[in-house]
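Sequential numbering of the sequence shown, starting at 1, is according to the UniProt record's numbering.
Among these hints, one or two may not hold up.
[Said to hold, decoys possible] The calculated label-pair distances, taken between Cβ atoms and stated as ranges, are:
#1 Glu-324 - Arg-77: 28 to 38 angstroms
#2 Arg-338 - Phe-201: 20 to 30 angstroms
#3 Ser-222 - Ile-134: 20 to 30 angstroms
#4 Arg-98 - Ala-25: 50 to 60 angstroms
#5 Pro-233 - Asp-322: 50 to 60 angstroms
#6 Gln-76 - Leu-183: 23 to 33 angstroms
#7 Pro-233 - Glu-148: 42 to 52 angstroms
#8 Gly-51 - Ala-334: 37 to 47 angstroms
#9 Met-288 - Arg-180: 33 to 43 angstroms
#10 Glu-324 - Arg-151: 34 to 44 angstroms
#11 Asp-322 - Arg-251: 40 to 50 angstroms
#12 Val-344 - Asp-54: 24 to 34 angstroms
#13 Thr-48 - Ala-334: 30 to 40 angstroms
#14 Arg-151 - Phe-17: 28 to 38 angstroms
No lab work stands behind these hints: they were computed from the structure. For each residue, glycine too, the CB sits at the ideal point set by N, CA and C.
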Amino acid sequence: MTWTIGVDVGGTFTDFFAVDETTGAVHVGKYPSTPGNPADAVLGGLSTLAGQHDLDPARLRHFSHGTTVATNALLQRRGGDVLLLTTRGFSDLLDIGRQTRPHMFDLYQDYPAALVPPRRRIEVTERITDGGEILTPLTTDEIDRIIECVREAEPQSCAVCFLFAFQNPAHEQQLTDALRQALPDLQVSASSEVQPEFREFERFSTTVLNAYLQPVMARYMSDLDSGLRETAPNATFGLNQSSGGLMSVDRAQRIPVRTALSGPAAGVVGAAYVAASAGHPNAITLDMGGTSADVALIRQSRVPTVFSREVGGFPIRMPMVDVETVGAGGGSVAWIDRDGLLKVG
């Protein structure tokens, strides 16, 4: 008897949905999440569910996993300490952005503060033209200087974002390789690896978000993968990504920004399947957890997708299911402030 399981990690609860591939029997479980290390709830819940329903972990064929760990880290701003390394003269690009006004006539609107404050940005002497030609070479002395600056700053991760690196990634790769060799425990995200497309602000923002999530997701994925190999050695492991598809553990550790909407995207894909099976090609989905709530619109049984959107107020340029996420869920606290206004969170 072989079986498969789907696991969704939320900020409050971790849910399990197991299917016996021989009999078609379905088994479900819900266990409290462990925010300190989400892998503990997954592995503990998996063992408990298997014991309750006499399921042999060695016969587990596939483990599919959706998670809101990255989503909640962005919404609650609980990612890692990031250092931005960028072309000299462009360290303020994250602050300048696109100068768009989401609410045109709101004179008091606030913009989310950049995830990397100005004091955590280092300018690098190098320059590549818009045609991909090297204008100012990246020298060995400059690389050595940057490595020492990074070593003194002691960040958890680095985002390497150079101007026009999507045209010619040579300088980014030079510095990235040198950092990984000199500081092997440091997480490094290069824009030419994460999002090698034009539009500098969106590319920088996506890469910084990736670096911001790396410390959170790296330990999580490592603990979960090693624990799963011990508990269910024959199972394949697929992690839901924001586009609705699956990705490997290794890729999730390197490019965790692709899991920014992992759990919400998996919920929309599942809801579209259930709605179509019930004869409803058009539907609105609502996925409310303890920490966040997600809404999506399904038309003609098709999961809506976009290639650029904001999560937590920060632009991400990646293929994603079109789902709206707010940082308010079943566990959010409603209260009245001193001026008598209703607040949630």
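Right, here's what the structure says about each hint:
1. As the Cβ distance of Glu-324 to Arg-77 is approximately 19 angstroms, the hint placing it in 28 to 38 angstroms is violated.
2. The given range of 20 to 30 angstroms is broken by Arg-338 and Phe-201, whose C-beta atoms sit roughly 38 angstroms from each other.
3. At about 37 angstroms, the CB distance of Ser-222 to Ile-134 disagrees with the hint of 20 to 30 angstroms.
4. One distance hint, 50 to 60 angstroms for the beta-carbon pair Arg-98 and Ala-25, holds here, with the actual separation near 52 angstroms.
5. Range check, Pro-233 to Asp-322: Cβ separation about 38 angstroms, and the 50 to 60 angstroms hint is violated.
6. Separated by about 28 angstroms at the C-beta atoms, Gln-76 and Leu-183 satisfy the suggested range of 23 to 33 angstroms.
7. Hint check: Pro-233 to Glu-148, Cβ distance near 44 angstroms, so the stated range 42 to 52 angstroms holds.
8. A hinted range of 37 to 47 angstroms holds for the C-beta pair Gly-51 and Ala-334, which are about 39 angstroms apart.
9. Take Met-288 and Arg-180: their Cβ atoms lie about 41 angstroms apart, and the range 33 to 43 angstroms holds.
10. Restraint check, Glu-324 to Arg-151: a C-beta distance of roughly 41 angstroms satisfies the suggested window 34 to 44 angstroms.
11. Against the hinted window of 40 to 50 angstroms, the Cβ-Cβ separation of Asp-322 and Arg-251 comes to about 22 angstroms, which falls outside the hint.
12. For the hinted restraint 24 to 34 angstroms between Val-344 and Asp-54, the CB-CB distance of approximately 43 angstroms leaves it violated.
13. The hint said 30 to 40 angstroms for the Cβ distance between Thr-48 and Ala-334, and at roughly 33 angstroms that hint holds.
14. Our hint of 28 to 38 angstroms for Arg-151 and Phe-17 is violated, since their Cβ atoms are close to 46 angstroms apart.
The structure is inconsistent with the numbered hints 1, 2, 3, 5, 11, 12, 14, although it conforms to all the rest.
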